[in-house]
Amino acid sequence: MQFLLVVFTGGVTIYMYVNFETFLSVDNQLYIGWGSFGLLFFIYLLDGSRRAPWRIFVVLLSFFLSLRYIYWRAFDTLLFTGPLDFLGMAVLFLAELHALGLHLMSMVINIWPLERQPIPLPDDPSLLPTVDVFIPTYTEPIDIVRVTAMAARNLNYPKDKLFVHILDDGGTIARRNNPKIGEESWNRHYQLRVMAKEIGVNYITREENSHAKAGNINHALELTNADLVLVLDCDHVPTMDFLTNTVGQFLADEDMYLVQTPHFFINPTPIEKNLPINTRLPVENDMFFQVIHPGLDSWNASYFCGSAALLRRKHLEQVGGVRGKTITEDAETSLALHARGLNSAYINRPMICGLSPETFNDYVTQRTRWAQGMTQIFLMNNLLFMPGLTLMQRLAYFNSCFFWFFGLSRFVFYIAPAMFLLFNMQVYHASLMQVMSFALPYVFSVYVMMDFLYGKSRAPLFSNIYESVQSLFLIPAVISVMLNPTKPTFKITPKGATQEKEFINPLASSFMLVVFVNVVALALAGIKWVEYPLYRDVIYITGGWCIFNIFMSILSLGAFWERRQVRKHHRILAKGHVKVYFPRLIETFEADLTDISLSGLGMAVRLPQAVGQGERAELIVKDSYGNVYNFQATVKRVFKRGNVYNLGAEFIFKKDTYENAIRFVYGDSQRWVDVWNQEVASGGYRVIIFHFFMMGIRGLGGVSASMAGSFWEYVRDGWKHNLSRLKKTYAYSK
Numbered sequence: 007m008q009f010l011l012v013v014f015t016g017g018v019t020i021y022m023y024v025n026f027e028t029f030l031s032v033d034n035q036l037y038i039g040w041g042s043f044g045l046l047f048f049i050y051l052l053d054g055s056r057r058a059p060w061r062i063f064v065v066l067l068s069f070f071l072s073l074r075y076i077y078w079r080a081f082d083t084l085l086f087t088g089p090l091d092f093l094g095m096a097v098l099f100l101a102e103l104h105a106l107g108l109h110l111m112s113m114v115i116n117i118w119p120l121e122r123q124p125i126p127l128p129d130d131p132s133l134l135p136t137v138d139v140f141i142p143t144y145t146e147p148i149d150i151v152r153v154t155a156m157a158a159r160n161l162n163y164p165k166d167k168l169f170v171h172i173l174d175d176g177g178t179i180a181r182r183n184n185p186k187i188g189e190e191s192w193n194r195h196y197q198l199r200v201m202a203k204e205i206g207v208n209y210i211t212r213e214e215n216s217h218a219k220a221g222n223i224n225h226a227l228e229l230t231n232a233d234l235v236l237v238l239d240c241d242h243v244p245t246m247d248f249l250t251n252t253v254g255q256f257l258a259d260e261d262m263y264l265v266q267t268p269h270f271f272i273n274p275t276p277i278e279k280n281l282p283i284n285t286r287l288p289v290e291n292d293m294f295f296q297v298i299h300p301g302l303d304s305w306n307a308s309y310f311c312g313s314a315a316l317l318r319r320k321h322l323e324q325v326g327g328v329r330g331k332t333i334t335e336d337a338e339t340s341l342a343l344h345a346r347g348l349n350s351a352y353i354n355r356p357m358i359c360g361l362s363p364e365t366f367n368d369y370v371t372q373r374t375r376w377a378q379g380m381t382q383i384f385l386m387n388n389l390l391f392m393p394g395l396t397l398m399q400r401l402a403y404f405n406s407c408f409f410w411f412f413g414l415s416r417f418v419f420y421i422a423p424a425m426f427l428l429f430n431m432q433v434y435h436a437s438l439m440q441v442m443s444f445a446l447p448y449v450f451s452v453y454v455m456m457d458f459l460y461g462k463s464r465a466p467l468f469s470n471i472y473e474s475v476q477s478l479f480l481i482p483a484v485i486s487v488m489l490n491p492t493k494p495t496f497k498i499t500p501k502g503a504t505q506e507k508e509f510i511n512p513l514a515s516s517f518m519l520v521v522f523v524n525v526v527a528l529a530l531a532g533i534k535w536v537e538y539p540l541y542r543d544v545i546y547i548t549g550g551w552c553i554f555n556i557f558m559s560i561l562s563l564g565a566f567w568e569r570r571q572v573r574k575h576h577r578i579l580a581k582g583h584v585k586v587y588f589p590r591l592i593e594t595f596e597a598d599l600t601d602i603s604l605s606g607l608g609m610a611v612r613l614p615q616a617v618g619q620g621e622r623a624e625l626i627v628k629d630s631y632g633n634v635y636n637f638q639a640t641v642k643r644v645f646k647r648g649n650v651y652n653l654g655a656e657f658i659f660k661k662d663t664y665e666n667a668i669r670f671v672y673g674d675s676q677r678w679v680d681v682w683n684q685e686v687a688s689g690g691y692r693v694i695i696f697h698f699f700m701m702g703i704r705g706l707g708g709v710s711a712s713m714a715g716s717f718w719e720y721v722r723d724g725w726k727h728n729l730s731r732l733k734k735t736y737a738y739s740k
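Every number in this note's numbering is 6 more than the matching position in the sequence shown, counting from 1.
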């Protein structure tokens, strides 16, 4: 039914397009373009526009404006005026085709997202499959592994059917025998083995680190035998209901090989963290898991994301375990299993809490690995014609891999207007009226559709920021894979890092260059506007384009201002009630929970008299399941507003209370659902954009000052050197 819906939508769009292009004159195209966009925008504003039939009309109109634009570009603007002009024009057109292709495919894939619900488990525990929990680790801090292992052991599942394993690739025999890292590896091996024994889980290591994470998991598959395998990155702490909400899919469908769940992160991304305001930023992870994956699931194309996923062992064994030909072993494995006609499912409920990269360098490292791995899959597999896949699965995998070439197209868009203004290259042949008739309605429709499809998890401008800050660094990574698809190696993303001071990341220099080139081009646009009146249409277009590039580059620079991060445990906003007893006051008070972390919580409470730092307190809290937790705590932070005290309390851990803290903080998935569903307050986007822009200006000044300082040092050292030579020459001549 869904496939027929897509075919119908495409057919109607093409029919509209052919008729409008054939029977309408060029003079009427302005009205057609803006009239279609106006209708699209009107339907978009309707309350029920996300539901049928309006959803279909919105997609149909956006398809029409997109096809209309690319037809005009292909047949009316590609003119040969010289070899260099043609080369630049072809590169720009290919970049536009990439962007347009992603836009069209995303509309098709997300036309009807599937909101799959958990299937209840049978009352008889003997009917439940056995589950192995794999926690792969390499060099991450041991405390992070401990929390995940303890939470996995406390999953709501029959204990005789649940087996937790720490897979230690940082303490392999090969690493322990390496003279450079042997001592460190022996210490890690010993500490993890002792910790595993203390908390009652299994410890597994191997001889050597072949095939990275995929090899680590496959080695564990050979040593275990449970029906299902839950894979958790070592910083992905599961909630107690993870298996309760996922195992039922396997009981209902024997061909189900995967149930994937979202990755929820307790700490902000480097881009979000660098904002000096307490406003939640819609991050790319939200868009991928809240919107894109439900769309993929509607076509049976949801794929393994490396963690927070439950897999059926016998199906994994059919393809030789987790595949390791590429460095994105998760998507590669899913591709092989989908090609065998097996099914996957996606449960859109956050049931793990993890750590995103803390610094921009780590963020780029992670994205580079994803880009290289998906490019490998793109090059090593004929995705559009791969046997065993349905048509929509082919399109879904193709789109997921094709996306990672966006760095190349972004770079072209950054330099395209400067190619004309600086070098007089004719790369875009169009009048201002044509741009207003064809290009602008298309561009605005793209932004409206981005908000229509992804609005609850990402504002369109932030997609530009996130992709812009990655784009220039992914270009060499993607090109290196295109030249040698087997070259990339698996790189671990560092987690749990701290940062003592603020600084502008050196990677910002790339965007400084983009700003400089576009500013120079914009200055030349003013000169050319006076000297070449016949080119004013093109100058208007390229000048406006340069202004947009400068604006986006400055916004991107704001993401490179690295702020301090000294907390060991991240706080996250939370709701609930706390009963707090102060022994000194001999009274219990009702408080509102404001935030939590593994080390303590924040609360707002009305008190008859002041409390100070260091005061002892007893806390009683509940989770959404009704479980009651008692903690001894010490007041560490006091802020008074009227007669309301905002207190920060630190847990006093004893042998049993640490595990209770893990259950309370990480065990309740409803807490992550509440955080996930938070929306940016009205006006919040404008505030965020303002701060990004101001931080970009600050970063621009910081990098400029640094470059000026380096230049001055170079000049000064050269002057000193030349002066010294002159003195020696003078002394010698005397």
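Treat the hints as calculated values from the structure; they're not laboratory data. No residue lacks a Cβ here, since even glycine has one placed at the ideal position from N, Cα and C. Treat the hints loosely; a few may be bogus.
[What the hints assert, rightly or not] Computed beta-carbon distance windows for the label pairs:
#1 N490 to E228: 27 to 33 angstroms
#2 E189 to L513: 32 to 38 angstroms
#3 I658 to E189: 43 to 49 angstroms
[As the list claims (entries may be wrong)] Under the rule of at most 25 angstroms between Cα atoms (straight-line distance), these lysine-lysine pairs were calculated in the DSS-like manner:
#4 K493 to K534
#5 K493 to K331
#6 K581 to K534
#7 K642 to K581
#8 K585 to K661
#9 K203 to K661
#10 K585 to K534
#11 K320 to K462
#12 K585 to K493
#13 K203 to K167
#14 K628 to K581
#15 K203 to K660
#16 K331 to K165
#17 K642 to K585
#18 K661 to K646
#19 K642 to K628
#20 K165 to K661
#21 K661 to K642
#22 K642 to K660
#23 K585 to K660
#24 K628 to K585
#25 K493 to K462
#26 K167 to K320
#27 K165 to K581
Here is how each hint holds up against the structure:
| no. | hint | result |
| --- | --- | --- |
| 1 | N490 to E228: 27 to 33 angstroms | holds (31 angstroms) |
| 2 | E189 to L513: 32 to 38 angstroms | holds (33 angstroms) |
| 3 | I658 to E189: 43 to 49 angstroms | violated (34 angstroms) |
| 4 | K493 to K534 | violated (46 angstroms) |
| 5 | K493 to K331 | holds (11 angstroms) |
| 6 | K581 to K534 | violated (59 angstroms) |
| 7 | K642 to K581 | holds (20 angstroms) |
| 8 | K585 to K661 | holds (23 angstroms) |
| 9 | K203 to K661 | holds (15 angstroms) |
| 10 | K585 to K534 | violated (71 angstroms) |
| 11 | K320 to K462 | violated (38 angstroms) |
| 12 | K585 to K493 | violated (58 angstroms) |
| 13 | K203 to K167 | holds (19 angstroms) |
| 14 | K628 to K581 | holds (11 angstroms) |
| 15 | K203 to K660 | holds (19 angstroms) |
| 16 | K331 to K165 | violated (36 angstroms) |
| 17 | K642 to K585 | holds (17 angstroms) |
| 18 | K661 to K646 | violated (33 angstroms) |
| 19 | K642 to K628 | holds (22 angstroms) |
| 20 | K165 to K661 | holds (22 angstroms) |
| 21 | K661 to K642 | holds (22 angstroms) |
| 22 | K642 to K660 | holds (18 angstroms) |
| 23 | K585 to K660 | holds (20 angstroms) |
| 24 | K628 to K585 | holds (10 angstroms) |
| 25 | K493 to K462 | violated (38 angstroms) |
| 26 | K167 to K320 | holds (17 angstroms) |
| 27 | K165 to K581 | violated (31 angstroms) |
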